[in-house]
Amino acid sequence: MSVQKYVARVTSIGELAGEFIAEGILVFFSNTAPEELQEHAVVHDNSNGQSEDVQVGDTIRIGEHRFPVLAVGDVANENLRNLGHLVLKFNGSSEAEMQGDVNVPEEAIPEIVPGTELEIIGD
Amino acid sequence: MAFWDKMKKALVGDSPAPEEKKAPAASGEKSPGAGAASAAPAAGASAEEIGDFKSVRVEHGLRGWGGPLTIQPTKQRNLIYSVTGGGIHPVAQKIADLTGASPFDGFKSKADFEQIACAVIDCGGTARVGVYPMKGIPTIDIHAATPSGPLAKYINETNFVSGVKEDNVTEA
Numbered sequence: 001m002s003v004q005k006y007v008a009r010v011t012s013i014g015e016l017a018g019e020f021i022a023e024g025i026l027v028f029f030s031n032t033a034p035e036e037l038q039e040h041a042v043v044h045d046n047s048n049g050q051s052e053d054v055q056v057g058d059t060i061r062i063g064e065h066r067f068p069v070l071a072v073g074d075v076a077n078e079n080l081r082n083l084g085h086l087v088l089k090f091n092g093s094s095e096a097e098m099q100g101d102v103n104v105p106e107e108a109i110p111e112i113v114p115g116t117e118l119e120i121i122g123d
Numbered sequence: 124m125a126f127w128d129k130m131k132k133a134l135v136g137d138s139p140a141p142e143e144k145k146a147p148a149a150s151g152e153k154s155p156g157a158g159a160a161s162a163a164p165a166a167g168a169s170a171e172e173i174g175d176f177k178s179v180r181v182e183h184g185l186r187g188w189g190g191p192l193t194i195q196p197t198k199q200r201n202l203i204y205s206v207t208g209g210g211i212h213p214v215a216q217k218i219a220d221l222t223g224a225s226p227f228d229g230f231k232s233k234a235d236f237e238q239i240a241c242a243v244i245d246c247g248g249t250a251r252v253g254v255y256p257m258k259g260i261p262t263i264d265i266h267a268a269t270p271s272g273p274l275a276k277y278i279n280e281t282n283f284v285s286g287v288k289e290d291n292v293t294e295a
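If you're matching them up, the sequences are chains P and R in order. For the first sequence, this note's numbering puts the final residue at 123, and the numbers step up evenly by one. For the second sequence, this note's numbering puts the final residue at 295, and the numbers step up evenly by one.
With the rest of the complex left out, here is chain P:
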């Protein structure tokens, strides 16, 4: 029985988000974050919060694309819960280099447009 841990819809993509995307990193912030953070981020509308902590083995769905979670940094859940903030690294690493990281396989970052859904699903 799978559990939906987090769900959000993309509302806008910051002008400078491409700097992170070029390095295989998707930075999410909720639309309540200060403007200077939204500039660098994929901005979403989650306001329901997070039902459970994200953990290794969960699935992250971006639109139609699904990615298994390989690593979760120490403060990643705190970031997501408090700020709607997620640093998703497409690096294939099973160790979180930074405390805020959530790692998924080293794959091309899928297309994201306003309206794209972000969902985190647990088993």
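Derived by calculation from the structure, the hints in this document are not laboratory data. Careful, some of the hints might be misleading.
Unchecked claim - Chain R is nowhere near these chain P residues, computed Cβ spacing over 10 Å in every case:
{"no.": "1", "residue": "V7"}
{"no.": "2", "residue": "D45"}
{"no.": "3", "residue": "G63"}
{"no.": "4", "residue": "R66"}
{"no.": "5", "residue": "S94"}
{"no.": "6", "residue": "Q99"}
{"no.": "7", "residue": "G100"}
{"no.": "8", "residue": "E107"}
Stated by the list, open to error - With the Cβ distance kept under 7 Å, some of the chain R side facing chain P (calculated, not the full set):
{"no.": "9", "residue": "G208"}
{"no.": "10", "residue": "S225"}
{"no.": "11", "residue": "G229"}
{"no.": "12", "residue": "G247"}
{"no.": "13", "residue": "G248"}
{"no.": "14", "residue": "A250"}
{"no.": "15", "residue": "H266"}
{"no.": "16", "residue": "S271"}
{"no.": "17", "residue": "P273"}
Each residue gets a CB set at the ideal place from its N, CA and C atoms; glycine is no exception.
Got chain P; can you put chain R on it based on the hints?
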């Protein structure tokens, strides 16, 4: 990456790229985003501008990086900007208490960068660590992050300190 290149172009258009993108990495501290003058807003502030505000010294904590920073609020830069989950962080509160500046919750309301004496963040290492140094704002990270990610080029020991706990903040 082709999609994202297109996307960037669509979003940014053909207008000149934001100046931080043009800053050559080799220019180091001289880059517009991390200019020494803007990174230390109170450097050279006159007694008139400083008024009654006191300064504090902020050192890095265990496994932290950067600093020490001296934070000197002025009449213009009198906000201790807390961009942390769950309201004003105790480190931001302590800086405010010792300097006489006002704690400010960046997630609740909006401030002009020109009013900010320093930013207190709880960044896990990739995004917020760079955003405020890039804007020329001295940045204090509660977590013991070292510079990483595409914005690392804006971060140096004179505009960033991490792993900071309340004990690392002392009267200067």
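Cross-check of the supplied hints:
Against the 10 Å criterion, V7 of chain P stays outside the reach of chain R, whose nearest CB is about 19 Å from its own CB. A cut-off of 10 Å between C-beta atoms confirms that D45 of chain P is not in contact with chain R; the least separation is 16 Å. For G63 of chain P, the requirement that its beta carbon stay farther than 10 Å from each beta carbon of chain R is met, with the minimum near 12 Å. The beta carbon of R66 of chain P sits about 18 Å from the closest Cβ of chain R, which is more than 10 Å, so the claim that it is off the interface holds.
With a closest Cβ-Cβ approach of about 17 Å to chain R, S94 of chain P is found to remain outside the 10 Å limit, as its non-interface label requires. Not every CB of chain R lies more than 10 Å from the CB of Q99 of chain P, the least distance being 4 Å, so the non-interface label is violated. G100 of chain P, annotated as away from the interface, has a beta carbon of chain R within 10 Å; the closest lies near 2 Å. No beta-carbon of chain R comes within 10 Å of the beta-carbon of E107 of chain P; the shortest separation is about 12 Å.
A distance limit of 7 Å between C-beta atoms decides the matter here; for G208 of chain R the minimum to chain P is near 2 Å, and the interface restraint holds. For S225 of chain R, the suggested interface contact is broken, since its CB lies about 17 Å from the closest CB of chain P, more than 7 Å. With its C-beta approaching chain P no nearer than about 5 Å, G229 of chain R sits inside the 7 Å limit, and its interface hint holds. About 2 Å separates the beta-carbon of G247 of chain R from the nearest beta-carbon of chain P, less than 7 Å, and the hint is met.
Evaluation of the G248 of chain R hint against chain P yields a held restraint, the C-beta minimum of about 3 Å falling below 7 Å. Satisfaction of the interface hint for A250 of chain R is found here, the shortest Cβ-Cβ separation to chain P being roughly 5 Å, below the 7 Å cut-off. Evaluation of the H266 of chain R hint against chain P yields a held restraint, the C-beta minimum of about 6 Å falling below 7 Å. Annotation: interface hint on S271 of chain R holds; nearest CB of chain P at approximately 6 Å, less than 7 Å.
Checking P273 of chain R against chain P by beta carbon gives a least distance of about 4 Å; that is within 7 Å, so the hint holds.
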